[in-house]
Each structure stands twice: as structure tokens, then as C-alpha cells.
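Chemist: Going line by line, the protein sequences match chains Z and C. When we follow the working numbering, the leftmost residue of the first sequence carries the number 1, and every step to the right adds one. When we follow the working numbering, the leftmost residue of the second sequence carries the number 1, and every step to the right adds one.
Accuracy of the hints is not assured; some may be wrong.
[Said to hold, decoys possible] Computed beta-carbon distance windows for the label pairs:
| hint | chain 1 | residue 1 | chain 2 | residue 2 | range |
| --- | --- | --- | --- | --- | --- |
| 1 | Z | Arg22 | C | Gln104 | 53 to 61 Å |
| 2 | C | His147 | Z | Ala4 | 34 to 42 Å |
| 3 | C | Ser26 | Z | Lys114 | 32 to 40 Å |
| 4 | Z | Gly16 | C | Asp105 | 49 to 57 Å |
Worth flagging that the hints you see were computed from the coordinates, not collected in a lab. This structure is a prediction, so every number in the text was calculated from the model and none was measured. All C-beta atoms in this analysis are idealised placements derived from N, C-alpha and C, irrespective of residue type, glycine included.
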Amino acid sequence: MPLALDDGLVESARSGGAGLERLITAVWPEAYRIAFAVLRDSGLAEDAAQEACAAMARSLPTLKNTGVFPSWSYKIIVNHAITVARRQPRLETLDALADHGIHFDQSDALDLHKALAALPVAQRGAIILHYYAGLNSAEISAATGLAPSTVRFHLMLARRTLRKALSKMDAPAKHSSEEVLSDVH
Amino acid sequence: MFTDERISTALEAMIRGINPPPVPLSEIQRKIPRAQAAPRNASLYARVALGTAAAIAITVIALPSISPAFVQTIGDRYRAALQALGGIAPPPAPKTLVSALSSQDATLATAQSRVHFTIVPPAGLPKDAASAKIWTTPTGVYSKASHTWRMGSPAVTFFYQRAKGRSFPLIADRFDPQVGMPGKYMFEARDPRPDGRPVLVKHERFVWRNGNQVMEAIEGDGINASEIETIRAAMHGIALPRRELHAPDSGTNSKLYRIGKP
Numbered sequence: 001m002p003l004a005l006d007d008g009l010v011e012s013a014r015s016g017g018a019g020l021e022r023l024i025t026a027v028w029p030e031a032y033r034i035a036f037a038v039l040r041d042s043g044l045a046e047d048a049a050q051e052a053c054a055a056m057a058r059s060l061p062t063l064k065n066t067g068v069f070p071s072w073s074y075k076i077i078v079n080h081a082i083t084v085a086r087r088q089p090r091l092e093t094l095d096a097l098a099d100h101g102i103h104f105d106q107s108d109a110l111d112l113h114k115a116l117a118a119l120p121v122a123q124r125g126a127i128i129l130h131y132y133a134g135l136n137s138a139e140i141s142a143a144t145g146l147a148p149s150t151v152r153f154h155l156m157l158a159r160r161t162l163r164k165a166l167s168k169m170d171a172p173a174k175h176s177s178e179e180v181l182s183d184v185h
Numbered sequence: 001m002f003t004d005e006r007i008s009t010a011l012e013a014m015i016r017g018i019n020p021p022p023v024p025l026s027e028i029q030r031k032i033p034r035a036q037a038a039p040r041n042a043s044l045y046a047r048v049a050l051g052t053a054a055a056i057a058i059t060v061i062a063l064p065s066i067s068p069a070f071v072q073t074i075g076d077r078y079r080a081a082l083q084a085l086g087g088i089a090p091p092p093a094p095k096t097l098v099s100a101l102s103s104q105d106a107t108l109a110t111a112q113s114r115v116h117f118t119i120v121p122p123a124g125l126p127k128d129a130a131s132a133k134i135w136t137t138p139t140g141v142y143s144k145a146s147h148t149w150r151m152g153s154p155a156v157t158f159f160y161q162r163a164k165g166r167s168f169p170l171i172a173d174r175f176d177p178q179v180g181m182p183g184k185y186m187f188e189a190r191d192p193r194p195d196g197r198p199v200l201v202k203h204e205r206f207v208w209r210n211g212n213q214v215m216e217a218i219e220g221d222g223i224n225a226s227e228i229e230t231i232r233a234a235m236h237g238i239a240l241p242r243r244e245l246h247a248p249d250s251g252t253n254s255k256l257y258r259i260g261k262p
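All chains should be built: construct the whole structure from the sequences, respecting the hints.
Modeler: Pasting the structure below:
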């Protein structure tokens with residue numbers, strides 16, 4: 001899980017003040033990136049990230065174990081991003097990404113960006129929580145309120161879409177049978 | 001080949017390639033209280049929650065196997081719920097006070113020797129109520145005027161096991177006219193929803209008086225309202241008026257927060 005914070009930082013934020021400011025400052029870049037990955041719109045991502053950081057600040061005293069802060073915060077960020085998307089589903093196209101100064105050096109990343117663009121927002125959120133934040137379907141279910149079976153179904157559909165999209169970019173004919181087999185597994 | 005590992009790697013590269021703007025700290029701080037005020041009738045519930053802050057504490061006292069850490073956690077969660085409702089929660093009790101709040105097992109006779117009121121034991125219990133356990137717990141009292149905590153007098157908990165793994169407590173305390181009118185409802189803070197908003201479960205609270213003893217019971221999974229009324233009637237207790245949701249707080253300076261650990 002990419003977000004790595006010192007336990008002391010989270011603990012000191014519980015009492016608010018400067019500790020909370022330090023935590024928000026540390027979490028903000030990740031909150032924005034995740035929100036943008038889901039929303040694909042810089043303005044909406046900033047709104048969602050701000051709301052998520054505010055929600056974290058408010059709920060921090062309820063967090064029983066500071067060791068789970070990273071996964072806890074990812075759930076909040078993705079949920080706020082999905083909420084913002086549902087409130088205002090004005091999602092930007094890939095062509096507009098360059099306007100925000102966003103560039104990807106690795107071709108896989110760029111391909112994935114294209115592939116993710118084809119997914120519904122909820123599936124995008126599930127993919128990020130699973131492959132980036134490392135949550136399993138039960139944890140995603142608890143975070144999103146969806147049934148575990150629905151989460152697994154979303155993940156399966158999303159994975160299939162991503163695999164197809166990226167396999168075509170690699171070598172369309174060569175990998176088609178592998179996709180089917182890996183879905184069965 | 002397109003593997004799960006490749007998805008993870010590509011996703012991380014993609015997310016790392018997104019450049020965040022500078023942190024809008026003041027904007028986030030401005031949104032924190034706004035998010036707290038979101039629930040409907042927030043101030044209304046906050047008043048009730050503040051007036052009945054013993055709700056969670058009663059649960060704490062009632063469960064014999066709860067650890068001190070859990071007591072502290074409950075306190076944190078309850079404060080968070082109050083704050084989320086727009087209320088002003090008391091600050092955490094000092095560690096010295098919490099560490100001094102140790103419950104002691106008791107018989108009816110030993111419990112009587114530790115408290116400053118005449119204990120009237122429960123009667124009219126449900127037929128499947130058995131194995132009563134009794135213990136006494138000092139309480140923490142928070143003064144709204146001086147913003148300080150102090151040790152209060154002990155309360156007596158009668159804890160009953162029932163069929164199907166159910167249980168319920170009845171808590172006897174000294175009647176104190178300085179403590180404001182009890183709220184009719186209590187709100188139990190559960191784990192927050194994914195969006196961070198607290199989950200509050202509403203319970204009706206019953207309070208009755210026998211002499212200088214006041215007894216409290218909370219309806220819930222362990223005992224229902226009708227069974228509590230049966231107990232009160234069997235004890236010939238006088239039901240105390242309870243503050244409705246819309247009623248203002250009594251304005252007393254002291255609030256009783258049972259933070260005792262078993």
C-alpha cells in the first residue's frame with residue numbers, strides 16, 4: 001500500500017491543531033491522486049479530496065487502530081470520489097488530461113488510464129481499492145456498502161475489461177485464450 | 001502477459017504520474033465543521049446526546065469482560081459522535097481518574113456498604129433472567145462550569161444473563177437532584193460509515209426512583225420496553241420524567257458520565 005505514514009503522526013493528529021495539519025498535508029497528495037484516478041477531472045478531484053480529508057479529520061477519533069489508517073483513508077477517499085461522481089457525473093475525456101499537465105512515462109500506465117476510462121465509476125473505485133490499496137472484496141464491500149458478491153462481480157468485469165484492453169495493445173491474437181482461462185481461475 | 005501484478009504496477013505508475021496541487025489546508029479546515037453539521041436535526045440530537053451521555057458508559061459498565069482500552073475507545077467514539085452531531089463533548093477524562101475507576105464485584109450486602117443510598121434490588125425480572133452479577137463502579141462527573149472531572153459516588157450494576165445469549169444491566173445510583181432531567185433516548189455510537197459519518201443507534205431509556213435510589217435501564221437486544229416497565233412496576237418505582245427530544249437541557253452545571261471500568 002503506497003501510503004506510508006508514521007503511527008506517531010496519526011496519533012498526534014487525534015488532538016487536532018498542528019498535528020492534524022501535518023497529517024492532512026501528508027495525506028493530501030495521495031487523496032488528490034486517488035480522487036483524480038476515479039474522477040478524471042481535476043476540479044472534481046480536488047473537491048472530493050478536500051471532502052475526504054475533512055471527513056478523515058472528523059472521524060479520526062473513532063479510528064481504533066492507527067495502524068490501519070492507510071486502508072481506512074483509501075476507503076474514505078474512494079467513497080467521496082464516487083459520491084462526487086454521482087452528484088455531478090461530468091467526467092473528463094482522456095484527451096483533456098494533457099491540459100492538466102498529466103503525463104505518463106510508462107506505456108502500461110497510459111494504457112491503463114485509457115482502459116480505466118471505459119469503466120463505470122464504481123468499478124474504477126473497486127479496481128483502485130483492490131490493486132492499489134490492497135483491499136480484498138470483503139473490505140471493499142465494507143467500505144462501499146455493496147454486497148461482497150457485487151464487489152467480486154464488479155472486479156471481475158473490470159479485470160476482464162482491463163485485460164482485454166491491454167492485451168489488444170500488446171498482441172491481440174496471442175493472448176485472447178489466456179484472458180478466458182484467467183477469468184475462470 | 002497481462003497479469004494482476006501488471007495491473008498493480010501500471011496502476012501505481014499511473015497514480016504516481018498525477019501531480020497534485022498544493023494542499024488547500026484552510027479550505028479543508030473550513031469544511032470540517034460543515035461536514036459535522038450535515039445530519040438532519042443535528043442540534044436536536046446533539047442536545048439529547050449530551051444530556052444522556054451515560055448511554056455508552058452504561059454499556060461499558062454492563063459488560064464484564066471489557067478492557068480499559070475499550071473503555072477509552074468507547075469514550076473516543078462517543079465524543080466523536082457528539083462532535084459529529086454538532087454538540088460539545090466533554091474532554092477525555094484524565095488518565096489518573098480513569099485508572100482510579102475500578103469496579104469491584106459485590107454481593108448485595110457489600111454493595112450496600114459501599115454506596116450512600118438504600119439499595120432496592122430489582123424485582124419482576126423476566127422469567128429467563130438468571131445468574132445476576134453485582135458490582136460497584138465509581139463514576140466520573142464532569143463539571144460544565146469548571147471544565148473539570150472529579151470522582152463521583154459509586155453506582156451498583158445488576159447484570160443478568162438471559163436465554164439465547166442475551167443479557168442486560170440495571171444500574172442503581174444515588175438520586176441526585178443536581179443532575180438534570182434524564183433524556184428519554186440514548187444514542188449508541190457504532191463504527192462510522194465509509195464516508196466517515198457516525199452511526200447512531202437510538203435506545204429508549206427508563207429511569208425510576210425508589211427512595212433515594214434511582215435505577216436506569218436501556219431497552220435493546222437484551223430487554224425490551226415492556227419488560228422494563230414490568231420491573232419498575234414490581235419494584236413500585238416512581239417513573240421519573242424524561243426529557244423529550246425537543247425539550248431543552250435543564251441547564252445544570254454537572255453532568256454524569258459513567259466512565260467506570262469493570
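Chemist: Please check whether C:Ser26 and Z:Lys114 have a Cβ separation lying inside 32 to 40 Å.
Modeler: 36 Å, holds
Chemist: Look at the Cβ atoms of C:His147 and Z:Ala4 and judge whether their distance stays inside 34 to 42 Å.
Modeler: 38 Å, holds
Chemist: Could you see if the CB distance from Z:Arg22 to C:Gln104 stays within 53 to 61 Å?
Modeler: Given about 43 Å between the Cβ atoms, the range is violated.
Chemist: Confirm or reject the claim that Z:Gly16 and C:Asp105 have a C-beta distance inside 49 to 57 Å.
Modeler: 39 Å, violated
Checked against the numbered hints given earlier, this structure breaks hints 1, 4; the rest are met.
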